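J.: First to last, the sequence lines map onto chains A and B. By our numbering, the letter at position 440 of the first sequence is numbered 440, and the numbering carries on one by one without gaps. By our numbering, the letter at position 578 of the second sequence is numbered 578, and the numbering carries on one by one without gaps.
A portion of the hints provided could be inaccurate.
Derived DSS-like pairs (lysine-lysine); straight-line CA-CA distance at most 25 Å [claimed, not checked]: (1) Lys206(B) / Lys229(B); (2) Lys206(A) / Lys666(B); (3) Lys666(A) / Lys312(B); (4) Lys261(A) / Lys361(B); (5) Lys195(A) / Lys393(B); (6) Lys323(A) / Lys393(A); (7) Lys239(A) / Lys626(B); (8) Lys177(B) / Lys206(A); (9) Lys626(A) / Lys626(B); (10) Lys666(B) / Lys626(A); (11) Lys393(A) / Lys195(B); (12) Lys277(B) / Lys4(B); (13) Lys195(B) / Lys239(A); (14) Lys312(B) / Lys323(B); (15) Lys323(B) / Lys261(A); (16) Lys195(A) / Lys177(A); (17) Lys239(B) / Lys177(A).
Covered stretches of chain B (in silico footprint by chain A; criterion: 3 or more residues with CB under 8 Å from a CB of chain A, positions within the stretch not fixed) [stated by the list, open to error]: (18) 341–351; (19) 461–472.
Covered stretches of chain A, as calculated for chain B (at least 3 residues, CB under 8 Å) [as the list claims (entries may be wrong)]: (20) 90–100; (21) 107–119; (22) 191–199; (23) 236–250; (24) 501–508; (25) 615–626; (26) 643–651.
Think of the hints as simulated: they come from the structure by calculation, not from any bench. Owing to the predicted nature of the structure, the values given are computational and were not obtained by experimental measurement. Don't be surprised by glycine CBs; every beta carbon is placed ideally from N, CA and C.
Protein chains: 2
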Amino acid sequence: MPSKVSSKTMANAIRALAMDAIQKANSGHPGMPMGMADIAVALWRDHLRHNPNNPHWLGRDRFLLSNGHGSMLQYALLHLSGYDLTIDDLKNFRQLHSRTPGHPEVGVTAGVETSTGPLGQGIANAVGMALAEKMLAAEFNEEGFDIINNYTYAFLGDGCLMEGISHEVCSLAGVWKLNKLIALYDDNGISIDGKVQNWFADDTRKRFESYGWNVIGPIDGHDTEGVSKAIAEAKKSDKPTLIDCRTVIGFGSPNNAGTSKVHGSALGEEEIAATKKAIGWDHPAFEIPAEIYEAFDAKEEGAKREAEWLKKYEAYKAKYPEKAEELERRLRGQLPDNWDDVVFEALSKAALEAKSVASRKASQMALNDYAPALPELLGGSADLTSSNLTNWKGVEPLTADNMLGRHISYGVREFGMCAIVNGIALYGGFIPYCATFLTFSDYAKNALRMAALMKLRSIFVFTHDSIGVGEDGPTHQPIEQTASLRIIPGMDVWRPADTCETLIAWACAIEREDGPSSLIFSRQTLPFVNQEEVSGDNMAKGGYIMQEAPNGAASLEVTLVASGSEVALAAEARKILTAMNIQCRLVSMPSTTVFDRQDEQYRDQVLGEGRPVVAIEAGTPDLWWKYIRGRGTVIGLDHFGASAPAGELFKLYGFTVDNVVDTVQKLLNKGK
Amino acid sequence: MPSKVSSKTMANAIRALAMDAIQKANSGHPGMPMGMADIAVALWRDHLRHNPNNPHWLGRDRFLLSNGHGSMLQYALLHLSGYDLTIDDLKNFRQLHSRTPGHPEVGVTAGVETSTGPLGQGIANAVGMALAEKMLAAEFNEEGFDIINNYTYAFLGDGCLMEGISHEVCSLAGVWKLNKLIALYDDNGISIDGKVQNWFADDTRKRFESYGWNVIGPIDGHDTEGVSKAIAEAKKSDKPTLIDCRTVIGFGSPNNAGTSKVHGSALGEEEIAATKKAIGWDHPAFEIPAEIYEAFDAKEEGAKREAEWLKKYEAYKAKYPEKAEELERRLRGQLPDNWDDVVFEALSKAALEAKSVASRKASQMALNDYAPALPELLGGSADLTSSNLTNWKGVEPLTADNMLGRHISYGVREFGMCAIVNGIALYGGFIPYCATFLTFSDYAKNALRMAALMKLRSIFVFTHDSIGVGEDGPTHQPIEQTASLRIIPGMDVWRPADTCETLIAWACAIEREDGPSSLIFSRQTLPFVNQEEVSGDNMAKGGYIMQEAPNGAASLEVTLVASGSEVALAAEARKILTAMNIQCRLVSMPSTTVFDRQDEQYRDQVLGEGRPVVAIEAGTPDLWWKYIRGRGTVIGLDHFGASAPAGELFKLYGFTVDNVVDTVQKLLNKGK
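Chain A extracted, bound-state conformation (with noise of 0.2 Å):
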C-alpha cells in the first residue's frame, strides 16, 4: 500500500495515541507501544491480511500480542486500520465498560484474537491457532482452493521468552513445522527490574535455532523497511519464525526511553510533551490527521481480499458442497444432527451393560462412543496417553507429516498444552481437548482460567484424581486440585461416578458453547451405581437424586451427597444405614459448578430441605459445606496423602462404609 506518509510518522501517530489514552487513563503500559510501534507499521501496513469490516473473515490473518500489557499499540492499530473501534473507545481506555480494557480480551474489542497479559500465553495460543489452521487445512483445502490460508503473526517480549511457557509451546511448534507462524520479538533489553542482562541473559536465537525455528535478526526494530523485509523472508522459510527485533522501550521518549521507568505508568504531560517534539509530532492530544487515517486505513484492501477469497470460497462449495457445508457447521460450533441419538444411545448402552470399570476407562468409552460422529474432536495428552486414555479406538497420532492425526502427544508439558488447546478452541473447527494427571492441573492453572475468562469450548481432562492414585503417593495424588478447579470462575467440573454418568459429563463438556469444562476421572476401578431409572437430564444437572429415601421423600432423615468415586462407597453405606431402618437418600453430585447453576427449589429438594447432610469426596472437605446449612458433615481429607496400595489409604482415611455409617449414626443421635 504505498502512501505519502512516512512509515515514521504512522509510528508516531501509534506512539501518539498509546501517550495520550495511557495519560488519559493515567494507567497503561506506553513503554511497549512506542517500542515495537515502527514493527507493528511493517506488519500491519505492508503484510497483515484483514478486513476491518469482518473481524471474524475466516481468511485472515492472525494478529496476537502475547506481551497484552501493550494493549494500546493493538487499540491503536485496531483504531487506525479502521476496525470499529473509535476514538472515543481510546479516550475511554481502562474505564468501566469500556472495549479498550486493561489487557486485550477477546470478545471485548473488535480485531482482538485472545486475551493476553499473563505472559507466554500469547504465544501459546498462537501456537494453537497455527496448528489448527494446519490441520484444517490439511483436512478441508483442496487442490486449488487454499480455503485454510492464514498467518499467525505474534508480538511478544523479554517477559514471554523468560517464561517457561514459552520452551514448551516453542518447542512444540518446532516439532509441528509450523511454518506460518511468525513470532516478532521486542528485544529490547529491560523488564520491570531493569537492565535484563542479570537475570536474563540467554542467546535467545541460538535457543530457538535448538527448537528448529528459522532466526532471523537482531535486526533494527526501528527501521520500518527492514522488519518488512524480514517478515517477507519468514514467509518462505518451512519452520516458524523468530524475528529478533532490536528496540528501545519508550522510543522517543527523551528522558525515559531505554528504561524501566517508561514500562508501567503514563509518561506525565510534561514528558509526553517532550517526547511529542522530539519525534516531531505537532497534533493535539488524539487527534490524528486525516492522511495518516488513509495510511493506515485496510478497510477497502481488506474487502478486497475478502472478495477475493469469498469467490474462491463459493468455487470450492459449488465444487465440494459437502466439505463446506461440514467446515461451516464445524466453525459454527455446531453439533452433528445425530449427536443426541449417539448420547442417548451410548447412554443406554452404558446402563444396560452396567460396567464397572476405572472411570478413565470409562472415558475412554465415552470416546470411542462419541468420536466416530465428532470430526471435530481433537484429544491429546501430555505424555501420559496410555495412562489418561484419552485416545479413541483408530484415532492416528498427529506428527507433523499426518496433520490429519487427531491424537496429540504434547509431550510433559501442561501449561504449554492447555494454553495451546485454547489457542486451537479460539481458531475454531475443532473441540479441543487435552489430559494430564489431575495433580498437575497445577502446572497449568492459569491457561485453564483463561480459558473460563475467554468463555472457551476448551475441555481438560484429568485423571488419577485422588489418593486411589496409590503408590505413586503424596506428589500424584490430588487432595486441593478438584476444588481448585471449581472456584475458576465459569469452570465447569465433572467427577462422574460410573459409565453412565461419565458419558454425560463428556456429553455436557462437548454441548458447552460458553465455558470450559474439566473431567475428572478415576484411575481405579468403580463399581456401577444402580438407580431406578438412568436418566441423562437428572445427571445434567450435576447433582441428583440417585436413590430415594427407602419409604420416600417424606421419610428423609438423612441425606448422603458424594462426588465420583465416593458414591458407590455412600450407596453402600445406604444399604446398611436402610438395615438399621434409617431412612437415607443418596444425592450424587458429579458437578458442583452445574449443580449451583440450577434454581433454589430444585436445589433445597435434592438437599432434603433441612435435613442432616453428609458429604462424602476423598478430597478437601471445605467447598462442601456450603451445602451443609444446618446439621452435617463433611467426610473428606484436609492432609496429604501417602505412598501405599490405594486400597489401605481410603481405609486409613476413613472412606469406609463404617465410618460413614458411624458418622450418620453420630449425626442423627446428636440431635436427637
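Fit chain B to the supplied structure of chain A, relying on the hints for placement.
T.: For chain B alone, coordinates are given in the frame of chain A:
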C-alpha cells in the same frame, strides 16, 4: 575407591534391586534406574562426597533425582552405600508407612534431599541449593576455610527438560554462574508416549549453551569410566554443566529395553529372569554379594571426609568464633535472641502511628523493621520488585558478581522462582521469600504445594490481591487465588488488614518452622483499623474479635467476619449498624488456616456461637460457608472482575457499606 568389583557389576546390583523391589510392589518405574545405573555408579563411587552415617553433614554434596519416578535408583544407592535403609525397607517399597515411598520424600528417607516426582522441580530445587551454597560460601568462608563447599548433582530426564520450569531455572543458573551445579541428563529418547522425536526434538545441548552452561557430550551413559571423566571435567568449569548421557531406558531387559513399556510398571518375573541372565546377574532376589556391598560402602570414606571437614571447621570456629556461631544459628533455623523485641517494637510503633497504607507498602515497612535483625532473610521478586515492594532499605541486588546481595530479581519466572526458593529453604541458612502478583500464584501452584508437602520455611508474597488491582483488568485480578492457596494442605495464608496485622503476618511466617506461608497484600491503600487493644497474640491466632458488640458479647446480634481490605469496610458498616442499635461484632480473620488450628471453643466464641454471621471478602465466597453453620451469608465474588478504576469495581460488585448494612438488616429481619 579401587575395587575388585567392576562398575558393570555395581550397576547391575542397582538394576537387580530396582527390578526386584518394583516386582514385589507390583508398582514402580524400572526403566530409569536400569538406564541410569552406570551413571549413578560413576557419580557415587568416584565423586559424591557424603557420609552415610551423617546424612546432614554440612559439607556433603547434594544429590537430587529430578526424575523422581526413578526412586528405586536412589533407594538402591542409599542402601548399598550404607545409609540407614535396610534391605527390608527396599522390600517394603511403596507400602504404607515405609521408608521407600513411590517417589523420593525428604524427611522420610535418610539421604533424600528433596521430594521429587512433579517433573522439572528437582532441577529447580538443585538450582536453589547451588545458589544457597554459593551465597553462604561468599558470606561465611574465609581465606583457607572453605567451610561451605559442595557440589550439587542432579539427575534429570527428557520429562524434566520438556517442562517449562527447566527453562526458567536453567536460564538463571547460567546467569548466576552456578559452576558447582552438575546435571546428568538421561538422554534415552523415550518418554511415556513413545519415542520423543515426535514431540521433543530440541537440540538440548545447543539450548543449554544458549543459557551459558558448559555442555559435555553426548557421551555413552553406559560407560561408567567415561561418565566419571565427564564429571571430573565438569568440576573444572566456571559454569554450570550439563552432561548429556546417551542411555537405553530399561538397559538389560531383552524384550523391553529402549521402549516406553519399561518406564512405569514391573517387568514381570519372566522378563526379570531374562534380564538377569542377559546382564549376568545370578543372585536371588534382594540378595547382594558382600563384595558388592563393600564396593559401594561409603561409610569409611565418608567418615574420613567429614572428620577432615570437622577439623577444618573447628579451626575456623576458633579463629572466627562469632561467624561460626552465627552460621550455626542460621543453619539451625533459630531466630536471633532479640527477635521478639524487634517484633514488639515494630508493632508498638505501627499501632501508635496508625498509618493508612497499601498492605504491600505495610509489608515493605515490616521488612524495613525486620530485615536488619535477620541476616538470613533473602528476598526476591519475579520482575515486579517495584510493585511487590519486596526490597528493603539498603538491600543490595544479588548478581553473579555479588553473592552477598540479599534481594533476587528472578525475572518473569514465577514457577521457577518458587521452586528455587524451596531449594534454598532445603539447603538452609536462609529464610527465603519471593513475590509476584497474586493472580500469577497460578503459574507457581505446584511449587507452593511442594513447599507445603515438604514442610519448608518458604515464604511466598503475593501482592495485588483482588479487584483492587483496578485497571489492569480480569487477567490480573485474583478471584479464586486466595481460596486456592488456603486449601493447599499445610499452607498458611495471611491476608492482613493493616500495618499491625501485616507485621504479625510476617512475624508468624518467619517464625513458622514446619511449613510455608503465603502473604497476601493489597495494591491499594487500606485504612488503619482501630481496635481497643492491639494484641500481637490475638492476631497470631489467625482470627480474633477486633471490635466487640458495643453492649458486650452477651448482646451480640450479628458477627461480621472479614479479611484484608474488607476489614475496614466491615468496621464502617459496624458503625452504621451501631447507630441503628444493631449489636455487631467485627472479627478480623487475617488467616483462616491459622484460625482453623485454634481449639473449637475459641473458634466458636470468636464466631459468635450460633448468632448470624456475615463474611465479607473480595474473592471466592465458597470457603467462607464453613464458618456460617446456621444463619448467615457471604458477600464475595464468584465471577471475574473487569478493567476499571478499583473504586468503581468495589462499588459495582457490592463491596460498599450500604450493601453490608442492607445484608445484615435483611438477615436479621428474615430471622425475626
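J.: Against this structure, judge whether each hint is valid.
T.: Here is how each hint holds up against the structure:
no. : hint                  : verdict
1   : Lys206(B) / Lys229(B) : holds (21 Å)
2   : Lys206(A) / Lys666(B) : violated (65 Å)
3   : Lys666(A) / Lys312(B) : violated (64 Å)
4   : Lys261(A) / Lys361(B) : holds (19 Å)
5   : Lys195(A) / Lys393(B) : holds (21 Å)
6   : Lys323(A) / Lys393(A) : holds (24 Å)
7   : Lys239(A) / Lys626(B) : violated (54 Å)
8   : Lys177(B) / Lys206(A) : holds (19 Å)
9   : Lys626(A) / Lys626(B) : holds (7 Å)
10  : Lys666(B) / Lys626(A) : holds (20 Å)
11  : Lys393(A) / Lys195(B) : holds (21 Å)
12  : Lys277(B) / Lys4(B)   : holds (21 Å)
13  : Lys195(B) / Lys239(A) : holds (22 Å)
14  : Lys312(B) / Lys323(B) : holds (14 Å)
15  : Lys323(B) / Lys261(A) : violated (40 Å)
16  : Lys195(A) / Lys177(A) : violated (33 Å)
17  : Lys239(B) / Lys177(A) : violated (33 Å)
18  : 341–351               : violated (count 0)
19  : 461–472               : holds (count 3)
20  : 90–100                : holds (count 5)
21  : 107–119               : holds (count 5)
22  : 191–199               : holds (count 7)
23  : 236–250               : violated (count 0)
24  : 501–508               : violated (count 0)
25  : 615–626               : holds (count 5)
26  : 643–651               : holds (count 5)
The structure is inconsistent with the numbered hints 2, 3, 7, 15, 16, 17, 18, 23, 24, although it conforms to all the rest.
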